[in-house]
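Visitor: The listed protein sequences correspond, in order, to chains Z and B. According to my numbering, the first sequence is numbered sequentially starting from 1. According to my numbering, the second sequence is numbered sequentially starting from 1001.
Hints were generated in silico from the structure; no laboratory data involved. Glycine residues also receive a C-beta, built at the ideal position from the N, C-alpha and C atoms. Accuracy of the hints is not assured; some may be wrong.
The list that follows gives simulated cross-link-like pairs (lysine-lysine, DSSO-like), each with its CA atoms no further than 30 angstroms apart [said to hold, decoys possible]:
(1) Z:313 with Z:227
(2) Z:279 with B:1083
(3) Z:279 with B:1208
(4) B:1188 with Z:279
(5) Z:279 with B:1165
(6) B:1205 with Z:49
(7) Z:49 with B:1083
(8) B:1196 with Z:279
(9) B:1205 with Z:279
Computed Cβ-Cβ distance ranges for the label pairs, DEER-style [claimed, not checked]:
(10) Z:140 with B:1283: 53 to 61 angstroms
(11) Z:127 with B:1156: 31 to 39 angstroms
(12) Z:79 with B:1303: 18 to 26 angstroms
(13) B:1287 with Z:120: 57 to 65 angstroms
(14) B:1288 with Z:286: 14 to 22 angstroms
(15) Z:79 with B:1287: 29 to 37 angstroms
(16) B:1262 with Z:146: 46 to 54 angstroms
(17) Z:140 with B:1300: 34 to 42 angstroms
(18) Z:165 with B:1262: 54 to 62 angstroms
(19) B:1283 with Z:135: 34 to 42 angstroms
(20) Z:165 with B:1287: 22 to 30 angstroms
(21) Z:52 with B:1258: 51 to 59 angstroms
(22) B:1220 with Z:52: 54 to 62 angstroms
(23) B:1216 with Z:286: 45 to 53 angstroms
The following residues of chain Z were derived to be distant from chain B, with all beta-carbon distances above 10 angstroms [said to hold, decoys possible]:
(24) 33
(25) 36
(26) 96
(27) 298
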Amino acid sequence: MEKTLECFKRILGKSKKENIDILIRGIFGISALISASVIIIIIIFITIKGVTPFISYNQGLGQVNIFRFLTGRVWLDGAAFSSSLYGVGFIIINTVYIALLSLMISMPIGVLTALFIAKVAPQRLSIFLRTVVELLSAIPSIVYGLFGSGVILVLVYNFAELVGIQSKGGNSVIATVLVLSLMSLPTITAISEVAIRSVGKDIELGSLALGATKTQTNFKVVLASAKSGIFASAILGVGRALGEATAVSLVAGNSKSGPSLGLFDITSTLTSTMLEGLKETTGLDYDIRFSVGIVLMIVILLTNIILNYVKRKVGSVSVK
Amino acid sequence: MRKIIIIGLTLISALYLVGCDNNQLDTSFDATKSITVYTRDTSSGTRTGFMNGIGFGDAAEDNSLLVSGFVTKDNTGILTAMKNDEYGIGFISLASLNNTVKGLAFNGVEPTIANVINNTYSLKRPFNYVIRADGDYGSLDKENLTKAFIAFLGTIDGSDIINDKGAIPLSATGTWDDIKAEHNVCLKDNSNIVIKFGGSDSIEKIAKALSSAFAPKCGGFIAEHDHTGSSDGFKRTQGSEKDSDNAKDVGFASRDFKDTEIGDIGTQGQLAWDAIVAIVNNRNTLNAITQESLKSIYDGTYKVWEDINQ
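Please construct the entire structure, taking both the sequences and the accompanying hints into account.
Guide: As C-alpha cells, this is what we get:
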C-alpha cells in the first residue's frame, strides 16, 4: 500500500495538496461544462424541432410558409391536423404589447416601492417589506394564475360592466396585463432596491447640503444615479412578462386571431399558444409549438438587446 | 406608519365594497346582450364529441368555422368562467358538472347520469370495445386474459376507474373479487404475456388506467397501448389489419360501430358513455336548448341571447 502511493507520487511528481487543487479545478470545470451544455442542448433541440415544420412536408400537409407564419393574423386557417397554414404575426404583436403595458404598471409601482424601502421607510418596516417582496417573488406562477382567474377576472368583468362594456368573462388584455404586472413587481422592486441602496451616500449628502429637500434628493439624485440598475430590473421584469405561460393562459382567453389591442378584448401570447393543447396534440400541430418557441426566444433576445442599448444610452452616475 | 395602515384599510374596504355591489346589483338577465362563446381547444376529445353531437362535426378541428371572438379554455377553465360570465355559454364533460353553473337540458332531456344510462340524453357518445375473434389470439392464455379484462370492465372496480377519468360507466354488478374465481388465468404468472390495446385516442387515458389497475390483479401481464383513432379499433382486431404488425388484442372506438364493423358474437360491447353538457351562468333564464340552437350559437348565426327561441 505504502509502496503504491509512493509510486503514484513519483509518477505525478506533485504533492497531495497540489493534486487536490487539480481535482477541485476539474470538478469546477465539469460543472461549468454541464450548465453551459444544457443551454446549448436545449437551443439545439428546440431549433431542430422548430425548423422541421418549415423544411419537411409534415406527413403530406405541406411545408409551413415562413413568411405567412411570421405575418399571419390567424393562428390556424383550416382544420387542425389537416392544414399547415399557421400564423403567429398577431401573437408577436400581442405579446410585446402586453409586456410593455405590464411594464408601464409594474415599473412605477416597483421603483417607488423600492425607493420607499431603501430610503423612506423606518428600518423595521423596510425589513418587513423586503421580506414580503422576497416572498412574492417566490410564489409559483400557477398561484398567480389561480388568483388571476379567481379574483382579477371577476374584478375586470365587473368593472367592464360598470363602464358599460360586455367583456368575455373578464378574459382580456387588461386582466393579463394586471397578472403579469403583479408577477414582475417583486423582481423589479428587489433589483431596483439594491440599485438604490448602492447609490453613494456622498452624492445624497451633497444634494442635501446644497439645500435640496429629501423628496427632491430622492427623485432627482438618488433615482437618477440608480437608473442603470433600475433599467436592469426592467429588463428582468420584461423577461418574466414575455416568458410567463401558465398564469397568462388562465386569464387571456386564448384568441386565435388578432391582434388584440383593445383593453377588454381577449388575447393570446406566444407562451400561452405554445402551452394550449400541448399535452393532447400530435404531429405538425405539436411541432409548430417549437417553432413558436424559436420566435419567442428571438423576441426575448431582441427586447433585451434594445433595452440594454437604451440602458447604455441613459448611462449611469457613480454607483458603488 | 399609522397613515399607511389607514390608507391600506381604506383601499381594501373599497375593493370589498366594489365586489359586494356587483354581487347585489344587476341580478336580472339582459337577453339583448351578446353571447360569449367558450370552447375547448381543437385537440380536445370533448370538443369532438360536442361538435358531432350538435351536428357541427366540421368545427371539431377547425376554428375558422366558429363564430369570431370565441374564448378557448380547458374543462375547468370553462366551468369557472361560467360561474362569472353571465352571458357565456360553454360545454364540459357531464362528470364535472356541479351546481355553480347551470347545465342545459338538451333536446328536452335533463343532463343527468340516469338519463345518460337510460339512453334518453343524446349529447353523448359511446365508448365501445372490440376484441379478437375466439381462437385468434395465438395462445389460449392470451385469449383468457383478454376476456378476463373485458369481465373486469363490468365490475365495480372497473367502473370506479372509468368514473375517475371523467366518463360514465354502464351499471356495474359485483366486484372483481366476486368473479375472479371464473378466471383461472389470473392465478398464473403472466409477466411474459403482452396484451396490445389500440383504437380511439379519446379512450386512451381510460384504457391505460384500466390496464395498469388490472395487470397486478391478473398475473402482471404487460399492457402495450397504441391508440391511433376509432377506425383502427375494429380494423386491427378483426378487420383488414388483424394479422399485420399493428394487430391488437383489444380495440376501442369512441362511436358506434359501423355496419362494416360487426364482428363475431360476444366480441364487441360498450364500457362507458362520454356525456357532454352545455352550461351557462346560473342567472341565465335559459334552461333548455336544442341541437339546432347550439349549432347556431357556435357558428355565429345567433349573436344575442334573445335570438334563441325558448
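Visitor: Indicate whether the distance between the beta carbons of residue 140 (chain Z) and residue 1283 (chain B) respects the range 53 to 61 angstroms.
Guide: Check failed, 34 angstroms falls outside 53 to 61 angstroms.
Visitor: Would the least Cβ to Cβ distance between residue 33 (chain Z) and chain B come out above 10 angstroms?
Guide: Residue 33 (chain Z) is indeed farther than 10 angstroms from all Cβ atoms of chain B, at 39 angstroms.
Visitor: When you check the alpha-carbon spacing of residue 1205 (chain B) and residue 49 (chain Z), does it fall within 30 angstroms?
Guide: Holds: residue 1205 (chain B) and residue 49 (chain Z) sit about 26 angstroms apart, inside 30 angstroms.
Visitor: Classify the label on residue 298 (chain Z) as holds or violated, using whether its beta-carbon is more than 10 angstroms from each beta-carbon of chain B.
Guide: holds (25 angstroms)
Visitor: Has the given pair, residue 279 (chain Z) with residue 1208 (chain B), been kept, meaning a C-alpha gap of at most 30 angstroms?
Guide: Since the Cα atoms of residue 279 (chain Z) and residue 1208 (chain B) sit roughly 16 angstroms apart, the hinted pair holds (cutoff 30 angstroms).
Visitor: Does 54 to 62 angstroms hold as the CB distance between residue 165 (chain Z) and residue 1262 (chain B), or does it fail?
Guide: 56 angstroms Cβ-Cβ, so the 54 to 62 angstroms window holds.
Visitor: Could you check that no beta carbon of chain B comes within 10 angstroms of the beta carbon of residue 96 (chain Z)?
Guide: holds (21 angstroms)
Visitor: Is 34 to 42 angstroms right for how far apart the beta carbons of residue 1283 (chain B) and residue 135 (chain Z) are?
Guide: holds (38 angstroms)
Visitor: Classify the label on residue 36 (chain Z) as holds or violated, using whether its beta-carbon is more than 10 angstroms from each beta-carbon of chain B.
Guide: Its Cβ never comes within 10 angstroms of chain B, the nearest being 35 angstroms, so this holds.
Visitor: Range hint 46 to 54 angstroms: satisfied by the CB atoms of residue 1262 (chain B) and residue 146 (chain Z)?
Guide: Holds - the Cβ-Cβ distance for residue 1262 (chain B) and residue 146 (chain Z), about 49 angstroms, lies within 46 to 54 angstroms.
Visitor: Can you let me know if the beta-carbon spacing of residue 165 (chain Z) and residue 1287 (chain B) is within 22 to 30 angstroms?
Guide: Hint holds: Cβ distance 28 angstroms, inside 22 to 30 angstroms.
Visitor: Assuming the hint says 31 to 39 angstroms, is it satisfied by the Cβ distance from residue 127 (chain Z) to residue 1156 (chain B) or not?
Guide: violated (59 angstroms)
Going down the numbered hints, you'll see the structure goes against 4, 7, 10, 11, 14, 21, 22, 23, while the others check out.
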